[in-house]
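Next come the chains, spelled out residue by residue.
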Amino acid sequence: GEDVEQSLFLSVREGDSSVINCTYTDSSSTYLYWYKQEPGAGLQLLTYIFSNMDMKQDQRLTVLLNKKDKHLSLRIADTQTGDSAIYFCAEFAGGYNKLIFGAGTRLAVHP
Amino acid sequence: DAMVIQNPRYQVTQFGKPVTLSCSQTLNHNVMYWYQQKSSQAPKLLFHYYDKDFNNEADTPDNFQSRRPNTSFCFLDIRSPGLGDAAMYLCATSREGTDYEQYFGPGTRLTVT
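Which chain is which? The protein sequence lines are Z and U, in order. For the first sequence, the numbering used here gives the first residue as 308, with consecutive numbering after it. For the second sequence, the numbering used here gives the first residue as 152, with consecutive numbering after it.
Where hints are given, some of them may not hold.
[To be verified] Keeping only pairs whose Cα atoms sit at most 20 Å apart, straight-line, the calculated DMTMM-like set for lysine to aspartate or glutamate is:
no.: 1; chain 1: U; residue 1: K195; chain 2: Z; residue 2: D333
no.: 2; chain 1: U; residue 1: K195; chain 2: U; residue 2: E252
no.: 3; chain 1: U; residue 1: K195; chain 2: Z; residue 2: D310
no.: 4; chain 1: Z; residue 1: K343; chain 2: U; residue 2: E252
no.: 5; chain 1: Z; residue 1: K375; chain 2: Z; residue 2: D333
no.: 6; chain 1: Z; residue 1: K343; chain 2: Z; residue 2: E312
no.: 7; chain 1: Z; residue 1: K377; chain 2: Z; residue 2: E312
no.: 8; chain 1: Z; residue 1: K375; chain 2: Z; residue 2: E312
no.: 9; chain 1: Z; residue 1: K363; chain 2: U; residue 2: E252
no.: 10; chain 1: U; residue 1: K189; chain 2: U; residue 2: D210
no.: 11; chain 1: U; residue 1: K189; chain 2: Z; residue 2: D310
no.: 12; chain 1: U; residue 1: K195; chain 2: U; residue 2: D236
no.: 13; chain 1: U; residue 1: K195; chain 2: Z; residue 2: E345
no.: 14; chain 1: U; residue 1: K189; chain 2: U; residue 2: D202
no.: 15; chain 1: U; residue 1: K189; chain 2: Z; residue 2: E345
no.: 16; chain 1: U; residue 1: K189; chain 2: Z; residue 2: E312
no.: 17; chain 1: U; residue 1: K195; chain 2: Z; residue 2: E312
no.: 18; chain 1: Z; residue 1: K375; chain 2: Z; residue 2: D361
no.: 19; chain 1: U; residue 1: K195; chain 2: U; residue 2: D250
no.: 20; chain 1: Z; residue 1: K343; chain 2: Z; residue 2: D390
Read the hints as simulated data drawn from the structure, not as lab findings.
With the rest of the complex left out, here is chain Z (with noise of 0.2 Å):
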């Protein structure tokens, strides 16, 4: 079966950067996903890699992927207190067409 892992909290403070981790188990994931959601909103996609990929950068996130280790991480640099939020991980398991998500990594920016 597919499963997604997630730590559920991390602490960090204002300026410093921020990683997110998260394992999965589906090695025929073509897609992997990070997910945004405020409090009370939906779920904001932030950025996605393609499977062939090692890494993804768009402005201050980072995606790294190691497959061969099924490990997916979310880098942001300079974490403002707008960061706060849970960051979903997700995989797009193709052999059943939808998202698997883990259950959210908690971020709390600091001062």
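For this one, chain Z is given, so just place chain U on it according to the hints.
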């Protein structure tokens, strides 16, 4: 702006009283999804439509039904809500062929009293 709209944003219903949640989209996407997200948990797919083709997840309770009268609208019907059905319900859309790119609405938070 093209978007996914969910109404209402907050819904309160009584135990056992049928309730309908609504989703509409202006993206003209032919695939629409309903996810359930319980507190502090991952969103979980309930079912989805490819055009008018309904695809139910194996573990979605019979209590949950869906209707899609046209491309733009999709409804989630909960026939007899229980306390365990209190959750955020998220609607998403995608275009067939790019199912990996799903666009989410803001969600409807359902409270069951």
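K375 (chain Z) paired with D333 (chain Z) [C-alpha distance capped at 20 Å]: Roughly 11 Å between the alpha carbons, so the hint for K375 (chain Z) and D333 (chain Z) holds.
Need the status of pair K195 (chain U), E312 (chain Z): alpha-carbon distance at most 20 Å? holds, 14 Å
Can you confirm whether the C-alpha distance between K189 (chain U) and E312 (chain Z) stays at or below 20 Å? Holds, because 17 Å separates the two Cα atoms, which is no more than 20 Å.
Taking only the CA atoms, is the gap from K363 (chain Z) to E252 (chain U) under or equal to 20 Å? With Cα atoms ~16 Å apart, K363 (chain Z) and E252 (chain U) stay inside 20 Å; holds.
Run the distance test for K189 (chain U) versus D310 (chain Z): straight-line Cα separation, threshold 20 Å. Satisfied, since the Cα-Cα distance of roughly 17 Å is no more than 20 Å.
Against the 20 Å threshold, does the CA-CA distance of K343 (chain Z) and E312 (chain Z) hold or violate the hint? holds, 16 Å
Hinted pair, alpha-carbon criterion (20 Å max): K195 (chain U), D250 (chain U). Please report holds or violated. Given pair K195 (chain U), D250 (chain U) holds - Cα atoms ~16 Å apart, limit 20 Å.
Given the proposed pairing of K195 (chain U) with D310 (chain Z), does the C-alpha separation stay at or below 20 Å? holds, 12 Å
Is K195 (chain U) within 20 Å of D333 (chain Z), Cα to Cα? holds, 17 Å
Given the hinted pair K195 (chain U) and E252 (chain U), is their Cα-Cα distance within 20 Å? Roughly 16 Å between the alpha carbons, so the hint for K195 (chain U) and E252 (chain U) holds.
Does K189 (chain U) pair with D202 (chain U) here, judged by a C-alpha cut-off of 20 Å? Roughly 27 Å between the alpha carbons, so the hint for K189 (chain U) and D202 (chain U) is violated.
Please work out if K375 (chain Z) and D361 (chain Z) have their alpha carbons no farther apart than 20 Å. holds, 11 Å
Comparing the model with each earlier hint shows a violation of hint 14 alone; every other hint is respected.
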